[in-house]
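2 protein chains.
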Amino acid sequence: MLSTTEAGSGHPTTCLSAADIIAAVFFAEMRFDPQDPQHPDADRFVLSKGHAAPILYSAWALAGAFPRSDVMQLRSLTSDLEGHPTPRLPFVDVATGSLGQGLCAGVGIALNARRIASDYRTYVLLGDGETAEGSVWEAAHAAAFHKLDNLCGITDVNGFGQSRTTQWDRDLDEYAARWHAFGWHTIKIDGHDMRQIVDALAEARKTTGRPTMIVARTLKGKGCSIFEGKENWHGKALKKGAETDAAIAEIKAQIKPTPDPAPVIPKPARRTDEGSLPSFTAKLRAPAYKLGDIVATREAYGTALAALGGIDRRVVALDADVKNSTFSERFEKAHPDRFYQMFIAEQGMVGASMGLAARGAIPFPSTFAAFLERACDFVRMAGISDVGVKLAGSHAGVSIGEDGPSQMALEDLAMFRGVPNCTVFYPSDAMSAERLVALAADTPGLVYIRTTRPKTPVIYDTNETFTVGGSKTLRQSEKDVATVVAAGVTLPEALKAHDELASAGIAIRVIDLYCVQPIDHEALVAAGRATNGRIITVEDHYAHGGIGDAVSEAVWDQGFRVQRLAVREIPRSGPPEVLLDKYGISARAIADAVKALR
Amino acid sequence: MLSTTEAGSGHPTTCLSAADIIAAVFFAEMRFDPQDPQHPDADRFVLSKGHAAPILYSAWALAGAFPRSDVMQLRSLTSDLEGHPTPRLPFVDVATGSLGQGLCAGVGIALNARRIASDYRTYVLLGDGETAEGSVWEAAHAAAFHKLDNLCGITDVNGFGQSRTTQWDRDLDEYAARWHAFGWHTIKIDGHDMRQIVDALAEARKTTGRPTMIVARTLKGKGCSIFEGKENWHGKALKKGAETDAAIAEIKAQIKPTPDPAPVIPKPARRTDEGSLPSFTAKLRAPAYKLGDIVATREAYGTALAALGGIDRRVVALDADVKNSTFSERFEKAHPDRFYQMFIAEQGMVGASMGLAARGAIPFPSTFAAFLERACDFVRMAGISDVGVKLAGSHAGVSIGEDGPSQMALEDLAMFRGVPNCTVFYPSDAMSAERLVALAADTPGLVYIRTTRPKTPVIYDTNETFTVGGSKTLRQSEKDVATVVAAGVTLPEALKAHDELASAGIAIRVIDLYCVQPIDHEALVAAGRATNGRIITVEDHYAHGGIGDAVSEAVWDQGFRVQRLAVREIPRSGPPEVLLDKYGISARAIADAVKALR
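Going down the list, the protein sequences come from chains A and B. Using my numbering, the first residue of the first sequence is number 973, and each one after it goes up by one. Using my numbering, the first residue of the second sequence is number 973, and each one after it goes up by one.
Keep in mind that a hint or two might mislead.
One copy or any two copies: either way a pair holds, since identical chains are not told apart in the list.
[Claimed, not checked] DSBU-like cross-link-like pairs, simulated, lysine-lysine; straight-line CA separation at most 30 Å:
id: 1; residue 1: K1119; residue 2: K1160
id: 2; residue 1: K1427; residue 2: K1208
id: 3; residue 1: K1211; residue 2: K1305
id: 4; residue 1: K1468; residue 2: K1239
id: 5; residue 1: K1468; residue 2: K1255
id: 6; residue 1: K1224; residue 2: K1255
id: 7; residue 1: K1211; residue 2: K1567
Hints in this document: simulated from the structure, not taken from any laboratory.
Next up, chain A with everything else stripped away, as it sits in the complex (with noise of 0.2 Å):
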């Protein structure tokens, strides 16, 4: 309460509404070594409700992670100890604040406790308000199908959201029965009574074959007369001065002494060491493929993943219903235990894969690349996480045909290159996209990897490389007009298109941008300058924020022309390869876009 006074902002009501439950979880159940937070065995917290971060900090802090003095910097530039809790702080897995992912996270932290055959558990606090979210029932179904017991949820039920009281009041029938529904073992407690939150974290622990929630009646603003289960009080400081005294001064009146001051946190019995990672990229086998071989690069995708879980154990594998497209079933088959089924559930895919990352796991979530955009705000925030989520969606963009533009991706590259550390690959080829599933594997935090439904033909043999932030200049002459730029079901319309002009005399450099993001800036503006400042860019993808907006950025300063050839209005069903040449991204396209050049 002090420090978000000192702040001047912050959401000291929702912090006490949560106290006595915090203290019981870290004081008198979990095992932990504040030492060493990041202890491999050691019991995990979440604080969904991420904007009471300052009871998270003080808990911490108590705990002897970090000086008691430390949380008055809280919501400060030069802290970390932010508005909202990131993994900027070592005791923290994933980013929250914002509402109804922590469950999600917390999935995936359960299910790598068994992936390391760990006996830790998982511990995860939601707020009431929350979880109207759909994703929390997403992660309820997830934690019940897949039996984890070792995933304990507590709802502080405080019965305001910010502006109203919450859709269920404190009615904690209401919450139960659901939780309940949806198979999970339910307990209803009083969350200032000190007896009834330990007993029901002790039998939450002893419950088998399935997860436990406990759905706790709260006061939101506890202890303070001055705000305790009033209503418009969600994120408000107290005054600095007389009313934090007073507040202080109460509270302070209702702490009783405890026999033992010093709480003994039992520290993880074993420690598990999975060692230094592989270089995947060394390790994965020459992919199979000779020049000319006609195969999707999702079909590649499925095939290098199903390499690397053999590489090791901590590449796991998440689909969302869709593994027999994306082939992801290939590892399934090969690594039937690493392979987690989330069903049609893909911000519980994206969100249980931020779990399983931040405990050292490197999971690879796919699905159609469309559905992806389903878990936008769950990239977002894995963005802030900073964790190695490798995600790939397949199905990109019009050349998908006949099923139409709700299935068609047309924004995602704009939805990966909009999270400023997300690496974004778009492999062309079958070749280069085992190659760069490895890369993903080898390259920290964030990658999307973009594939595509119709096959393409291999134009790489096994001794190319590919690099983060690499291209690779596939045609180039003297006399060349024009740069075009392609990736992914493009390059082969580029390429198409270089064999056209030239029989008509006309030469252009053709690149494939297999790195979007980062990107290759100084050989573009190479090739633009060895082009007349003329670049083309031609994109199975919407013209904004894709590969286009890409590269002009990378070239803004050179005065070049970048035309952007893209899809620019919503998309019908049809065969695709007239999609393409009715969206203008054709290798007839691109050869009327270099003969019109002035």
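Starting from the known structure of chain A, arrange chain B on it as the hints suggest.
Below, chain B alone, put in the same frame as chain A:
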């Protein structure tokens, strides 16, 4: 089945599991006029499992909405009978095909019935697999909270997803328990027993105070021995010739002659006429600001929205428990009956807005811009539906300050620009904010309004007018060395930079890009030409997909240099003005960029 065979792709098996249900709903239950599918008081049907489109098309053809032979055009480029339904078809309210969205739209359609005091009913057919989507449970909660007894869902429990058995196979109790816990009346039936289907629909019709979910056990591929109840047949059409002929013969043999071969479809009993729309721009009373007043654009949004609600009853507002931050509470206070609280469930909020808009309302859903990203896939589908949803996102950018990155929208312009038919407004002062809110109501289709947390000075007077695709050149002279393009919170910074530079003898042009999409191409080209081809964009957004990219594309063929000042790393907590400067989008940063021009 014939149509998918002809198309060579599609989902015959998922059509057959739903065929009996569709027959009962269309020919024994619903009141509608096939010649007038948009009748305002007709019962509505939403096919949430959009991949079963052929059975929907067949039902409407059979009812007489269009010639039966048209269904053979399925999935061809020239037909509106696409792979998944879109509102290009007069009998489709919202596009489906991204699973888990239909019930959200159904909630909005049912809310609209209440708004116009119509007794039309809304039916939504869901697949079993898609109920893993959290958005379905957001809708479940909203429908129960709003006591939508005019809404009836039917879950087609055929037990198979795309790649495997669904999460609860064909266990109706698992489904029923969840819907019951979420407050729905539930009925379990055999989905191939016509008597049971018809009786369940009648029971739903008589149920008051809560919505009904009928869970129907079915067989995927029902009636065709080649794939009935078999795995690995998802999304596969039968081969032309013998295979299809045998299947058709088999089905024909099962059709029982009915006593009434031409079922009578009762027409709606009344016809609501809401009249033509007013001009909100013309009718909005003059905003009560004076030049130099300091008012947040989010507050002006709330004020204007409340005023719009007084102009026409079609204006409605939806909130995700942040009405006191977005100021939509002003609408609630003035028009409580048209204010829908959706709690912290952004997908449900945007989905319901799609349904409301499809039935004639003008919905304004609003929340923090960052949390609209939760509904990214709904926004994508709203674009495909081309419905008139007016989204407002507040608290954009680092200028929110201490709450930190989880609450900062820095990707939202990219998300909305990624919808080709979405208009994007970004007001910088309260006067333009009010005018643009009215203009949003007047503008067909999807509109996004980006507002800011901090207060900014009023710079426009009452007589100023704003247009879709417009901009304002606020500062200009003969000697301008560069054009600075800003919007929202960066516009005051640009004006400050202008004054600072002027006192150093350097002149710059300043443009308020209040409409980011469509963009004022002419003004930007003219300004660039007048300022040595030097344009500097400045935005409280990541460098990807925002104002810089938009401007750059608008002037691509001019050979200008467009320098983007934007946020380029994941930001921290801190005071707003400190963050603007730290991330390079302050007046100082603009002045520095101008001074550095070579």
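Which of the listed hints are broken here?
4, 5, 6, 7
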